[in-house]
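Chemist: Chains as they are written, first to last, in our numbering: chain A, 1 to 311; chain B, 1 to 313.
None of these hints come from the bench; they were simulated from the model.
Just so we're clear, the structure is a prediction, and the values are computed from it rather than from any experiment.
Incorrect hints may appear among the rest.
Over the 12 Å line for every Cβ pair with chain B, so calculated as not near, a few chain A residues [to be verified]:
#1 Pro35
#2 Ala38
#3 Leu40
#4 Val41
#5 Ala46
#6 Leu48
#7 Gly140
#8 Pro149
#9 Val177
#10 Gly186
#11 Leu230
#12 Arg250
#13 Leu276
Listed next, the in silico EDC-like pairs over lysine to aspartate or glutamate satisfying Cα-Cα at most 20 Å (straight line) [as the list claims (entries may be wrong)]:
#14 B/Lys132 with B/Asp90
#15 B/Lys240 with B/Asp291
#16 B/Lys240 with B/Asp278
#17 B/Lys132 with B/Glu177
#18 A/Lys224 with B/Glu250
#19 B/Lys240 with B/Glu226
#20 B/Lys240 with B/Glu250
#21 A/Lys57 with B/Asp95
#22 A/Lys224 with B/Asp95
Idealized CB from N, CA, C, for every residue including glycine.
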Amino acid sequence: MPTTPTPAAAAAPKSPAGAVYSLAYTRYAGRRRSPAFAPLVIARYALLAQLRQRGVKVALLLGVLLLTVCAAGLGFSWSIPSMIAGSGFGRGPDAAQLAAMVREGEADVVTWTLRAQLLPTFLLVLWCGAGAISADLMAGAFQFHFSRPVSPGRYLAGRLLSSSGWALALSVGTLTVLSTERLAFGSTPLGAARAFGLGAVAVLLSLSSLSAAALAVSSITRRKGLAQALFAAVALAGWVLSRSLSVALREPWLKSIDLLSCADGVVAQIAGTSRLTGAYAAAPALAWLAWTGGSLALATWQLSRAEVNRG
Amino acid sequence: MVLASAAVKLRVRSLSRRYEGVTALDDVSVEIPEGRTALLGPNGAGKSTLLKCVLGLVRPTSGDIEVLGLDPRRDPLGVRARIGYMPEDDAHLPDLTAVELCAYGAELAGLPPREAIDRAHAALFYVGLDDKRYMPVQGYSTGLRQRTKLAAAIVHDPELLFLDEPTNGLDPASREEMLSLIADLRDRRGCSVVLSTHLLADVERVCDHVVVLAAGRVVADAPLAEVLGRGDGRYLVRVKPVAERFAAFERALTELGCTAEASADARGEWVVRPGVPDDPAPIWEAALRADVQVRHLALRKASLDEAFLRMLA
């Protein structure tokens, strides 16, 4: 952990006026950490502040509720093969069928983590990310941050972490519960770990593109409500448009290029379950790169144009 | 001009900053010594641009800056870790209490979390926010917000502190407390202060050095005592209060080419501008002719308001 030494504090001269002030405020001669910690500090305090907002609490509660329903439903579904095998009716699934069912169950972990938490994670990113930079602009927090050893890049990294922090916690929690449950219903530890890993990649890809887009929208206006409305419009209108075009033009790859779907498409490619072939197979990955990279570039450009940070 | 014995905290040489079609700073050279320095100037004089250049937030078009021995263009983060900045406008984060805001500022400046929270409590207590520091900042009055901003600016123990209009919106008692804190920061904590303000009374109360900017140029850079002591060539004359001779004295002054700019009051005081600058001989001559006894004759010291207006003119 890189640290920088603090110059030795000079002895405080005595007050000539004899005024009494707090003696607790003295010179600081302790350790100072590297500015590289700034993103973590920004994210930690932002997550603390977000937890005081009603919208975040409601979205988290909704997420826990959906996790419970999903875990119960999947548990019932996964227990069917063993119920059939134990019932004595027919022969029950053979070993090959059972293995295929287990593999399907492992795929369910990834699919249902994304599906069950789509609404809560979207709401959390909308609430925590889409207004983050707008709120800072409105409250004069740019001066607060940039008069301290914080570079625009680290500020953006901190805001990116804080935009997706609660959504990440919810998704990883869901993934952990479902993976553990799958392990209890016949997966090997390796299979469950594979499902968890793939799910983690899916969650990270999904949240990074969502958060980057939310911050980009947030950086173009000082009005938090407008930024949130714009983000919702970009995500939902894009989803409707891509599906409509896909059906109208009979081009399946169009379904996987909107903000909400591109990460799913990339994960399907990684898992080998995608139906896209040839050059079209790269469409989701390119769309994800465009959404994430383009959004970060826009946010960075906006930050560099901010008056307090000019130069 | 810099006090010979004082260490220079901030040195600016030939600094210029031009925006599109506007010259915000034009060949500015100043040296700010240890102590309490006022940065004065009318709106648009370039004070904020100068502060932002020093903080490394704005890149100068040309010129050199040295803050605490560091170049903010090469090491902006290093400079900002050692200085404190209290902006004029609100600068807080929604939903954070004053303690959290100060601890946040301290951690961003590099303090570890435990030390940061300890220092946040100490700094808030120091500025007099002892019982309200657990409330969200957005619910504070103007006075409490100013105190919170000061605490957030000093929480990481800066060596040099920039205060932008720190007494704005404060009632007289709070203003006096804020000025006492600013004085104490230098006297007992060893922190040099640069005070950017329009309130000249605040400057006279706490500062010992003055830098005046106008239209992006430095029009004065001197110790406060020197600025006030320069006067404007007028003399303060006090004579023995014998009212029946006052008219004769005024007449004699006029005959000798002097201008008595202030009417005599019951105590027998005039502010006299001699016909020849810095030559009080006609005043003595007028007193002799009018048979009045001169009890006080000295170059009149200007108030900072007058000195400021004269420098701008």
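Chemist: If you test the structure against every hint from before, which numbers come out violated?
Modeler: Numbers 1, 2, 3, 4, 5, 6, 7, 8, 16, 18 and 19 - these are the hints that the structure violates, sorted from lowest upward.
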